[in-house]
Amino acid sequence: MRLRDLAHSRTGDKGDTSNISVIAYDPADYGLLLRSVTAERVKEHFGGLVTGSVERYELPKLAALNFVLRGALRGGVTRSLALDAHGKCLGSAILDLEIEEA
Amino acid sequence: MRTLRIGAGAGFSGDRIEPAVALAEQGRLDYLVFECLAERTIAQAQQRRLRDPRQGYDPLLEARMRAVLPACRAQGVRIVSNMGAANPLAAAEKTVEVARALGLQGLRVAAVLGDDVLEALRGGDYRLEERDAPLASLGERVISANAYLGAGPIVAALEQGADVVLTGRAADPALFLAPQIHAFGWTFDDWTRLGRGTAVGHLLECAGQVTGGYFADPGFKEVPDLARLGFPLAEVNEEGEAVITKLPGSGGLVSEATCKEQLLYEIHDPARYLQPDVAADFSEVELEQLGPDRVRLSGARGHPRSGLLKVSVGYVDSYQGEGQISYAGPGALERGRLAVEIVAERLRLTGVATSETRGELIGVDAILGARLSANGSAAPREVRVRFVGRTASLAEAERIGQEVESLYLNGPAGGGGVTKAAREVVGIVSVLVPEGLVHPSLHLLES
Chain W
1 MRLRDLAHSR
11 TGDKGDTSNI
21 SVIAYDPADY
31 GLLLRSVTAE
41 RVKEHFGGLV
51 TGSVERYELP
61 KLAALNFVLR
71 GALRGGVTRS
81 LALDAHGKCL
91 GSAILDLEIE
101 EA
Chain D
1 MRTLRIGAGA
11 GFSGDRIEPA
21 VALAEQGRLD
31 YLVFECLAER
41 TIAQAQQRRL
51 RDPRQGYDPL
61 LEARMRAVLP
71 ACRAQGVRIV
81 SNMGAANPLA
91 AAEKTVEVAR
101 ALGLQGLRVA
111 AVLGDDVLEA
121 LRGGDYRLEE
131 RDAPLASLGE
141 RVISANAYLG
151 AGPIVAALEQ
161 GADVVLTGRA
171 ADPALFLAPQ
181 IHAFGWTFDD
191 WTRLGRGTAV
201 GHLLECAGQV
211 TGGYFADPGF
221 KEVPDLARLG
231 FPLAEVNEEG
241 EAVITKLPGS
251 GGLVSEATCK
261 EQLLYEIHDP
271 ARYLQPDVAA
281 DFSEVELEQL
291 GPDRVRLSGA
301 RGHPRSGLLK
311 VSVGYVDSYQ
321 GEGQISYAGP
331 GALERGRLAV
341 EIVAERLRLT
351 GVATSETRGE
361 LIGVDAILGA
371 RLSANGSAAP
381 REVRVRFVGR
391 TASLAEAERI
401 GQEVESLYLN
411 GPAGGGGVTK
421 AAREVVGIVS
431 VLVPEGLVHP
441 SLHLLES
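For the protein sequence lines, the chains are W and D, in the order given. The numbering of the first sequence is our numbering, which starts it at 1 and goes up by one. The numbering of the second sequence is our numbering, which starts it at 1 and goes up by one.
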């Protein structure tokens, strides 16, 4: 199963930092997200696209996780040479993660 | 209990205009708020102001005011906006001019000044937040420095009876928080209510992003009628709890899912969303669907503000040149890669100095890289080459697009559709300053 089947996502940008929310469609899946979508997995998934740390914040009342990816925007939105300088596409890419059935 | 109705009329400088007119006409609003400043917008506005002292406010201010002022006047809707950008006073003068042309007499327009701290920072010892260097390291390249003002000066303008309040740089949620403070008489140390009002502002500040924009994903997340997307309004009570909704009959969707995505948009630690007026805490927020396109927001909190204000510093960073060309049919991928190699070699041969380049194939590896964009073994039948580089001068930046263009006659077979561009890159960095360094003031005009 892919994360896309369980959760939706939105990406925001501040300077050279991207934040990606991962929100369970069904709050009952929040525990599965907590176990399977760790900061380490997210960092590994993006590989060289993220040069800094990845932090995870938990929002149980929203059945949501918020990932903060430092060094993800090629030096920052305003000076990046990247086609998607804001990193808007990163949230769609995280939904490719494989999730093991509970 | 009194309910305040606040609408969002724009979420960025270039946003659609008709949804704001619909809100002004049919929303029974008390306030219509336009958020129109991104990180870099104000630095570019400052450059326009330097060229012409009557400019430097939002390029769409006149069109927006012409469109919404008649309905706002007729319905008693007050306007708050950061469309003043680098020149709030000129924005206020232009607004008065538009009001007079529309036959609207006695409209009171306030300009909030004082966010421009370029002079106040000179000679000070400030560290850049983004890199281990002092502000002084940018030297003469600095073109703007604007502090994120809080709700205070906007509240003062509303207390003086302003129908329209125009700011430069202010924290986006503060544009929405100020009407709540003014209407409900909240104090500036009522952290809980300031935190709740900030949550309302954060949900509204990107306008259509909470009503189904930036959300649709066919097959997974359906949104009806995006071409007629309605902008949001909040019904807020004096405790700062709110219902997020939109006009009946407008396109889009207000759901728990759209509100959750927007609540976390551009948030780092949800328990510490640092604002000029409060450290807002969204960690215990709850969102509940009450009915179609109606979602209740509750549970936001707040903690004392830091006493520091963020200042956005704009500077001339570099120049950027770019060219693109397409290849299609069998061998498109190989011809695209060859094109990238040729351009890189040509820049070396002709002595164009670049500090950073990217040569990539759109559709193959341009956005997420080759690994995350891999999709089976089938070779793409169309690629678009994008070659971009950073240079120290505009003339060198222009050379990059020219080298891509010369592939027409000198490159791989069948290259078509060249586009090229070169521009100055205005970078943004930030410093933190004590709030006492910033002295906001008001200027009131009347039509």
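Everything labelled a hint here was simulated from the structure, so no lab data went into it. Check before you lean on any hint, since a few could be wrong.
[To be verified] Covered stretches of chain D, as calculated for chain W (at least 3 residues, CB under 8 Å): (1) 74 to 86; (2) 213 to 227; (3) 254 to 264; (4) 284 to 293; (5) 315 to 321; (6) 328 to 334.
By construction, the Cβ of each residue, glycine as well, lies at the ideal position given by its N, Cα and C atoms.
Compare the structure with the hints numbered earlier in the document and write down the numbers of the violated ones, lowest to highest. The structure breaks hints 1, 6; every other hint is satisfied.
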